[in-house]
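Q: Below, each chain spelled out in residue letters.
Protein chains: 2
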Amino acid sequence: MRNAVPQEIEITKINESKISQVDFENLAFGKVFTDHMFICDYVNGEWQTPKIVPYGPLTLDPSARVFHYGQAVFEGMKAYKDDQGDTFLFRPDENFKRINKSAERLAMPEFPEEYFFDGLNTLLKLDDQWIKSGFGNSLYIRPFVIATQPSVSASEADEYRFMIICSPAQSYYSGDVSVLVAEKFSRSASGGFGYAKAAGNYAGQFYPTKLAKEQGYQQIIWTDSNTHEYVEEAGTMNVFFRINDTLLTAPVSDRILDGITRKSLIALAEKQGYNVEVRPIKVSEVVDAFNNGSLKEIFGAGTAAVVSPVKAFGYKGEHYELEKQENSYASYFKKSLMDIQYNKAEDSFGWRTKV
Amino acid sequence: MRNAVPQEIEITKINESKISQVDFENLAFGKVFTDHMFICDYVNGEWQTPKIVPYGPLTLDPSARVFHYGQAVFEGMKAYKDDQGDTFLFRPDENFKRINKSAERLAMPEFPEEYFFDGLNTLLKLDDQWIKSGFGNSLYIRPFVIATQPSVSASEADEYRFMIICSPAQSYYSGDVSVLVAEKFSRSASGGFGYAKAAGNYAGQFYPTKLAKEQGYQQIIWTDSNTHEYVEEAGTMNVFFRINDTLLTAPVSDRILDGITRKSLIALAEKQGYNVEVRPIKVSEVVDAFNNGSLKEIFGAGTAAVVSPVKAFGYKGEHYELEKQENSYASYFKKSLMDIQYNKAEDSFGWRTKV
Ligand SMILES: Cc1ncc(COP(=O)(O)O)c(C=O)c1O
Ligand SMILES: Cc1ncc(COP(=O)(O)O)c(C=O)c1O
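Those protein sequences? They're chains A and B, same order as listed.
In terms of the UniProt record's numbering, the first sequence has 267 at position 267, counting the first letter as 1, and numbering is strictly consecutive.
In terms of the UniProt record's numbering, the second sequence has 266 at position 266, counting the first letter as 1, and numbering is strictly consecutive.
Source of the hints: derived by calculation from the structure; they are not laboratory data.
Accuracy of the hints is not assured; some may be wrong.
Heads up, the list lumps identical chains together, so a pair's fine if it works in one copy or across two of them.
[Stated by the list, open to error] Only pairs whose alpha carbons sit at most 30 Å apart, straight line, appear in this in silico DSBU-like list of lysine-lysine:
id : residue 1 : residue 2
1  : 18        : 97
2  : 316       : 51
3  : 184       : 213
4  : 132       : 210
5  : 31        : 51
6  : 316       : 101
7  : 210       : 271
8  : 184       : 97
9  : 51        : 271
10 : 271       : 213
11 : 271       : 97
12 : 132       : 18
13 : 324       : 31
14 : 335       : 125
15 : 51        : 184
16 : 311       : 125
17 : 101       : 51
18 : 101       : 213
19 : 263       : 184
20 : 125       : 296
21 : 18        : 210
22 : 282       : 184
23 : 51        : 213
24 : 324       : 18
25 : 316       : 125
26 : 184       : 78
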């Protein structure tokens, strides 16, 4: 296989870390970046020598395809530090596989596995002091690939840049969210690329979400674009419903991102002996369950917020407020998952990888 | 209205034009750019002083939102020069309105009309020698807006850059195209943003188009994502069918770009007394018309290729070759439109604007 032999990473270190200027008690999500970044360019049909360099601006031609045709994919993962100072990743092989699945759908070249993991591990070791221990603190990791080729012609590029940038993230509680169920707008089409973590899947959500915010909702739960009768997922989270003691979530499809948190929760639930149903879920079924008192919980699941309880939802002009649950599934899942991520619990699934 | 007062454009001219290095007889589309570009930044809720500067690279933070969430819109228009050396634009008000319609759907700020036209006219005057006369030669103009704000948070940005770059385009005949009718993949969803000229609508087409190319087709005709029974549009063109002497095209919707060439052809056809039907068109109807001999022509319509005749189409494993028509509608439309664009014919619609 071409590119299978890992190359030495060329490393240029910063002269002086900027870490002392960072207030780790007041971190806005995704705004502050660590001292270094990983870069690998694809030119002439090959990934070139990977580099780690000081975090800093990119220089691109205004005609670079990413600006015009959205040829860009990304991943979102986290590094967690335990009280002994060891750092862990959670199922990073899943992120690696997914970025290449996304890349394939966008006609972008596959990134070699060795480069991905060598780059990631080397970068995390170099910027180790940016990963703070403490339950809930983490380093958010953003691998991404952009089409850099200069020329405004609407076809796939011949030149790309793969990068990894990292941003320290704080443990925070943003409060339970209110969500609006989509009735008119859609996130993705059957036969489209909604299952890819592609740039083009996000910008289209901002305007409908802005309108939802004007109605007092923080997020949208997307429904299928054909009928708007079935729930799909939220902006950056898959969605779970608890009806009585059964946990429900929609099956993934070519419209829905196959979330790593989602599949981990399903595994945890099954291990715990919860009844889990992965099947199409009608909005009307959720409303009926609310009305007859069997709808106990709704929550989102994703790397950034882990598990995010929903306190209310809006649909067809009605507003539904959920009752707070004792011993909620959401809090059980959040704690179980974080215990594994922070090396506080046994990892019977083999999800944890030490850096 | 905020920003309504046009500001002086700050102009920095190049020292020496690079035009002498350009081979105008061998131009690949969208690869060579003129000496200058127009830039206007949106910061603190306001469009700042517009600038014209030498064409050159952009410097952006790796966390700029355009790289991650595809918040980017664009336009495609052309400047045409007649034999007297006068330069014309074709319905530029439509491009201006459309870029703001696209921007609204992507939760991006509106760009002021005065800035758009002052910027465009000033830039075209400065780079006038790049616009070559000769029927078919033109200057392709690419206005675009990208989200520049650094921070990987999945919401609309607070900072943007509006730019105009220009690329000389040659008269060329690429041959009639073969197209594949989409059966599985889709371009856009109902309730989505297919009607916007947004970056995210393009990258998703490259992979299906690559597969189509492997089957010997150059482009895809997209169908509706729900049933794949109705034809919609091509990658960068709207599509017309001529059945006997009736001209058919699909109505625009939230999935289809409202093409300026498309609406101009409809107006020309009506003026010419052709029977025009704008209505949903089933693929099966096109196949039936082929089989009974009434399908005379298929062609695409868009700014880049003007009118692009289709010589064959593929659908459900069958290949359909169209017969060449004498006095084709496609060639009539192409000539009529170009005669207006190049100031060779009377402009009864008032479409031409002198720069
Ligand atoms: C659209 C979408 N759905 C779901 C998720 C959750 O996926 P994961 O659990 O892998 O973070 C994400 C990303 O975080 C996403 O962008
Ligand atoms: C998706 C799509 N459809 C149709 C068109 C044709 O539009 P216009 O005639 O305004 O160039 C374009 C752009 O050129 C396009 O990108």
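Q: Each hint should be assessed against the structure and marked as holding or not.
A: Here's how the hints hold up against the structure:
{"no.": "1", "hint": "18 / 97", "result": "neither (33 Å within a copy, 45 Å between copies)"}
{"no.": "2", "hint": "316 / 51", "result": "neither (52 Å within a copy, 47 Å between copies)"}
{"no.": "3", "hint": "184 / 213", "result": "within (16 Å within a copy, 35 Å between copies)"}
{"no.": "4", "hint": "132 / 210", "result": "neither (33 Å within a copy, 45 Å between copies)"}
{"no.": "5", "hint": "31 / 51", "result": "both (23 Å within a copy, 28 Å between copies)"}
{"no.": "6", "hint": "316 / 101", "result": "between (36 Å within a copy, 26 Å between copies)"}
{"no.": "7", "hint": "210 / 271", "result": "neither (39 Å within a copy, 43 Å between copies)"}
{"no.": "8", "hint": "184 / 97", "result": "between (33 Å within a copy, 23 Å between copies)"}
{"no.": "9", "hint": "51 / 271", "result": "neither (42 Å within a copy, 61 Å between copies)"}
{"no.": "10", "hint": "271 / 213", "result": "neither (37 Å within a copy, 47 Å between copies)"}
{"no.": "11", "hint": "271 / 97", "result": "within (25 Å within a copy, 56 Å between copies)"}
{"no.": "12", "hint": "132 / 18", "result": "within (15 Å within a copy, 52 Å between copies)"}
{"no.": "13", "hint": "324 / 31", "result": "neither (33 Å within a copy, 59 Å between copies)"}
{"no.": "14", "hint": "335 / 125", "result": "within (27 Å within a copy, 64 Å between copies)"}
{"no.": "15", "hint": "51 / 184", "result": "neither (45 Å within a copy, 40 Å between copies)"}
{"no.": "16", "hint": "311 / 125", "result": "neither (39 Å within a copy, 58 Å between copies)"}
{"no.": "17", "hint": "101 / 51", "result": "within (24 Å within a copy, 41 Å between copies)"}
{"no.": "18", "hint": "101 / 213", "result": "between (32 Å within a copy, 21 Å between copies)"}
{"no.": "19", "hint": "263 / 184", "result": "both (28 Å within a copy, 27 Å between copies)"}
{"no.": "20", "hint": "125 / 296", "result": "neither (43 Å within a copy, 66 Å between copies)"}
{"no.": "21", "hint": "18 / 210", "result": "neither (35 Å within a copy, 45 Å between copies)"}
{"no.": "22", "hint": "282 / 184", "result": "both (16 Å within a copy, 24 Å between copies)"}
{"no.": "23", "hint": "51 / 213", "result": "neither (41 Å within a copy, 35 Å between copies)"}
{"no.": "24", "hint": "324 / 18", "result": "neither (43 Å within a copy, 68 Å between copies)"}
{"no.": "25", "hint": "316 / 125", "result": "neither (50 Å within a copy, 53 Å between copies)"}
{"no.": "26", "hint": "184 / 78", "result": "neither (34 Å within a copy, 35 Å between copies)"}
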